[in-house]
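Visitor: Now for the letters of each chain:
There are 4 protein chains.
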Amino acid sequence: MSNRKLRMGMIGGGKDAFIGAIHRIAANMDGQIELVCGALSMHADVAQESGKMLFLAPDRIYNTYDEMFKAEAQKPADERMDFVTIVTPNFAHFAPAMQALENGFNVVVEKPVTFTLEEAQQLKAKVEETGLMLLLTHTYAGYPMVKEAKQLVKSGALGKVRKIYVEYIQGWLSRLSEREGNAQASWRTDPTKSGKSGCMGDIGTHAAHLAEYISGLKITELNASLNIVVDGRMLDDDGAVLLRFEEGATGTLIASQVAAGEENALKIRVYGENGSLEWAQMEPNTLIVKWLDKPAEILRAGSGYTDRLSSYATHNCRTPGGHPEGYLEAFGNLYRNFALTLSAKIEGREPKAEWLDFPSIDDGIRGMAFINNVVASNQSNEKWTKYTI
Amino acid sequence: MSNRKLRMGMIGGGKDAFIGAIHRIAANMDGQIELVCGALSMHADVAQESGKMLFLAPDRIYNTYDEMFKAEAQKPADERMDFVTIVTPNFAHFAPAMQALENGFNVVVEKPVTFTLEEAQQLKAKVEETGLMLLLTHTYAGYPMVKEAKQLVKSGALGKVRKIYVEYIQGWLSRLSEREGNAQASWRTDPTKSGKSGCMGDIGTHAAHLAEYISGLKITELNASLNIVVDGRMLDDDGAVLLRFEEGATGTLIASQVAAGEENALKIRVYGENGSLEWAQMEPNTLIVKWLDKPAEILRAGSGYTDRLSSYATHNCRTPGGHPEGYLEAFGNLYRNFALTLSAKIEGREPKAEWLDFPSIDDGIRGMAFINNVVASNQSNEKWTKYTI
Amino acid sequence: MSNRKLRMGMIGGGKDAFIGAIHRIAANMDGQIELVCGALSMHADVAQESGKMLFLAPDRIYNTYDEMFKAEAQKPADERMDFVTIVTPNFAHFAPAMQALENGFNVVVEKPVTFTLEEAQQLKAKVEETGLMLLLTHTYAGYPMVKEAKQLVKSGALGKVRKIYVEYIQGWLSRLSEREGNAQASWRTDPTKSGKSGCMGDIGTHAAHLAEYISGLKITELNASLNIVVDGRMLDDDGAVLLRFEEGATGTLIASQVAAGEENALKIRVYGENGSLEWAQMEPNTLIVKWLDKPAEILRAGSGYTDRLSSYATHNCRTPGGHPEGYLEAFGNLYRNFALTLSAKIEGREPKAEWLDFPSIDDGIRGMAFINNVVASNQSNEKWTKYTI
Amino acid sequence: MSNRKLRMGMIGGGKDAFIGAIHRIAANMDGQIELVCGALSMHADVAQESGKMLFLAPDRIYNTYDEMFKAEAQKPADERMDFVTIVTPNFAHFAPAMQALENGFNVVVEKPVTFTLEEAQQLKAKVEETGLMLLLTHTYAGYPMVKEAKQLVKSGALGKVRKIYVEYIQGWLSRLSEREGNAQASWRTDPTKSGKSGCMGDIGTHAAHLAEYISGLKITELNASLNIVVDGRMLDDDGAVLLRFEEGATGTLIASQVAAGEENALKIRVYGENGSLEWAQMEPNTLIVKWLDKPAEILRAGSGYTDRLSSYATHNCRTPGGHPEGYLEAFGNLYRNFALTLSAKIEGREPKAEWLDFPSIDDGIRGMAFINNVVASNQSNEKWTKYTI
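Protein chains in written order, with full-length UniProt numbering: chain A, 1 to 389; chain B, 1 to 389; chain C, 1 to 389; chain D, 1 to 389.
Derived by calculation from the structure, the hints in this document are not laboratory data.
Fair warning: this is a prediction, and the values are worked out from it, not measured in the lab.
What you were told as hints is all true, and nothing was included just to trick you.
Identical copies carry no separate label here, and so any pair may be met within one copy or between two of them.
Cross-link-like lysine-lysine pairs, in silico, DSS-like; alpha carbons within 25 Å at most:
#	residue 1	residue 2
1	K218	K383
2	K383	K196
3	K345	K15
4	K345	K52
5	K15	K352
6	K5	K52
7	K352	K52
The following block holds chain A by itself, in its conformation from the complex (with noise of 0.2 Å):
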């Protein structure tokens, strides 16, 4: 039980904007925190109207994150935000990170954690010389049946971990969107804002972020395959990638958005010496578990049967089983785990092990990795190329 709800900021997310409104929607979800401040936009009219719509105080909503940063940091304690969430596009999350472990405020930033992998070891870097913490964005580690699976692993009731499959399929970039005005396409799609990878960089990074946090295992080489489908696109808008993975376990990655029809169809199966896995992000509260010997069993969220799920699923549910949640919960769930350590931490209790689970640094640096070896994979005409940081 804390004390007090956490004061938060925002840089970006102004109105029209995507993720920010997801962001806040998180946020707001379990009533323990609380948005005080933003800089949500580049543009100040932009900014103005967007707090104005998000009932700020007329004096805390800033035009600029430096401005929010310097008039944040003299509030008294009672009253300065906690942290801050990033919501700009990917070359625009380094600098204002930096800038707030520096003012002494917690970050939460949306993957790709920053715009190279450099950057992202200087945030680590500043992350641990400040102890501050920081919150990485990858909804997908939030849902309630993806903590199952891996604590399934983790058990070993599955066995040693043979085969990974993954995948991450979209439509939305069948056409040449980003010439038609579609805001989200345009910065996505375009290497001076997103990176040197789009599909890889936007969704193949979940991908290759759920594999290893269900296995537990870590991709040591890779072989990659890039394409650029639609005709006059600058980045990848599809791709698949052959992977290997420490303790001789092997798999795949298969990202695409130019696959007409689909919507966000993640989905992961992980087979072991007797039995299997698979979770598919469209119908989250499902865990399919298949037995080599006895017959499938389907875990599901929220369920009364609490002694065959980890207190890691339950812990990220709200309601019972039946009363699905979805996307937004799972978003929830990565605020609420980080609320309630950053409330232990500020009011000095200890946190639980269940809320210290959300990805942070490390899972960013691992995304920056990954997308530096897929491209230099794609790149080579060997077969296989060594993941390396």
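Mind docking chains B, C and D on chain A? Use the hints.
Guide: Leaving out everything else, chains B, C and D in the frame of chain A:
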């Protein structure tokens, strides 16, 4: 765009209460509402502790709703709560709802709206007299694809409605849990707290509401058979009803709380001359539309083909297709539409048609009448009982 | 291991007939039966042409069943047909079935077994008198996972049965097809050919059979409401029945042939004290078993965990898991079990218990009684009608 | 309408053999083919006993195929077998197939068609030289909705094909079953009997065939990685291949036989510019078609909207929608189309286009080339290997 957040009070919903927590998440979600006060429990200590956990100002943690209404009514207009949410057991809905209205507060109330039909009718009179607003939380009417289903029927695409099958199947009362310390089970199976029906009052009313809401047809006759399946229980825990609707449609309503292994399986199918629709609460983002003469279609919440989805569906989505929204978002939609309408009213703006589409006192009266008629039919040896109010 | 193929004759089932062709596929499938003769149509030219298409010997293509029985009865034992399959419309089952038995031929007959209950009872007497075998083709009882469901209930694993929901929903009579030259629709909606019920006779009987077969419980009372939904139709094309079973179980049976967009949606759910099962004909290789206190299980036909599947399920599979078997194989199982038993009888071997598990005249009598009772209940204003034979 | 049944002989497929029994069911099903002779085992006693169980005439139960070809070739035309089915292990396909052709018999042969590509090419030359027919039993090409998928791509409705994902995942070799007396496992993992690849030869070839069959595009380059997952195994039991197709399409092929808990999970997805299709062998009567700009559609085998289904789909169905057909019917379709074509040829009639759509020697050559190329790519450090024949 509203000028300010709406201020909410809450009656009931202290710590450990199930539905109160759900209401708060739903109200928090969109950042349009803030909880400012509460009379959260009949027990002063619980009320105080719960208020503290929710970060209420100490002077707005009340021990009784009586006290709350008095104190809040005296506050200045820019501080006073705008509406009160009543999440007590059924028998304790009516008194605070009446008192709220009498003191000038809008009302959000759990279903069934009151303990008896007579109370519901008095409440309706009071709503009309005061001109205040009432939201009845028939959650399932808040799902975007339920909205879509209603609009699809209304469009005439399916032709004249012939059949309606609705079922609501749970298993959580498969044992005599009310004697094993399950608080939810305890009051819901107690006729002095729940009303004259158990299963039909608790979940049959949801099913009946959904059927009438989507089809636009009212039940005119029914043939009900209720059961007490678990020995020692005082109210029906299971039942089935044959239905006749306006305009010649017929149907069935099945409800059970002793269907071992089921979670919260609310499902509806509506058949017209040319095609049909199917929606299941546990996969809520999908509406299956089957046609007599062409392939079935899968309509998806949040999808890109916005020309095929009604404005009622799109208005009630927060995310693009494939980012599953669930029960809490459906609940949030009730609050959001209520809040949008209330803010518009307060600020003298015209509400949109989509905002006005939330359940209110008339739905509450239908619910109470449904309970009365089902119980009467169950007691009768006549096959068909006319549905009366 | 049989010594020889069994020899089959057929009455009805000429070219363009639907169910005759299905019977032949089912009989052919396992190579244990050969079609040797037929009286395939009332029309001599159709009978002749159909026989030729089926490669029958010209002298065994008969123009009437009368002629066929006489001729076949005079053939030597090693040539004479062993059994006759009757696939004429309902009104023309009884006479050939009686004549077959009187001439010493075993019988396979489509359901409903006769036109009236009285005929069914006479047929039963004749079966008992002659000691010959009769197979009633309640196809759905031939599916391996239906066998599994029956054995699972019998094992007691689910506990005492409380609820049975069965539904059989089709859409093919959504229009007045009987006036549009649809031969199937024509006789099935004609009371002089089909019997006193349309939908309930045609598919309601399948649903009732499945419920009693799986649960092992007989219907004791019913509360039926039948409808003629399509104007101009002469028999019910839709209906619903509330059911009471032996040992206190209750249930519902829904049947419709005017549910636009539905194909052949037969589905059953059986709930016991500890768990439940769900089987749907359109995904027949899966039996979902849900438990009150542990995760649901997916039992699959042909799967490797043969210790978990009953011998009745495994006996009725031809392929390993994941090679879907369907309607024709289920139909083939009826023929196979009938043939295995008949061969054993002929050759003086003891049939296995699994072979004997095929529907016969007693099921036929239950079917005819079901029709009678449903029609009587529909005509009554009393809520409940005792199920009588 | 044929004049007579076709006469089939069989090589291999003695009692306890898996695939021989499947072939017989498939051939029997439609009553167009009769099994008249066989050389059913290398072991004379098994050959004799198996022939007896299948009710073969004693003088047509042969101990060797050599003997069978000689004896049958000398029979009069109205008695002699028309074609021979070869269901021996891979290494024993070529010799009997050549001998059959040389003796004037048409051939049905299991895939992979031969042991080496060179043999396949010789066989092709012999087929062309003799003008006889050969059916290669790529079963999955027999499913009606696979036919529909092919026609849908061909129609251009999906636009230019961009992506093809195909996967074939089984778990039955998760343990070293070949050392535990599993006869199937034993020869399929033995390079002297199975060929140079295990998993890719056994099931990868099916997946590759399906991809090329449906898309109409040939593989041009591949990047393969094969694994021996289970210690002690001699051939690959797992692998993944990145694919490049004609006309710029790319894709992935995943195959595994060590995916614990999987049955026979063959699935394909094909993405075009405007939409995509998805088909899974374990739910074979459904073809999901997703569109970029409108709701996804569910196309169903046997459905009433015959204007939307191609003649290739409807020709390959035996039952109306909702009466599931499965693996055996798909297999039966291969035999049926082969038999219809062969009868037409024998009787001097023109075969229909739909009948001619069965896999033959060219598919066999593609299959052998696929194996060669995958194995070559796996051994290479170059990322991409040109697909050569």
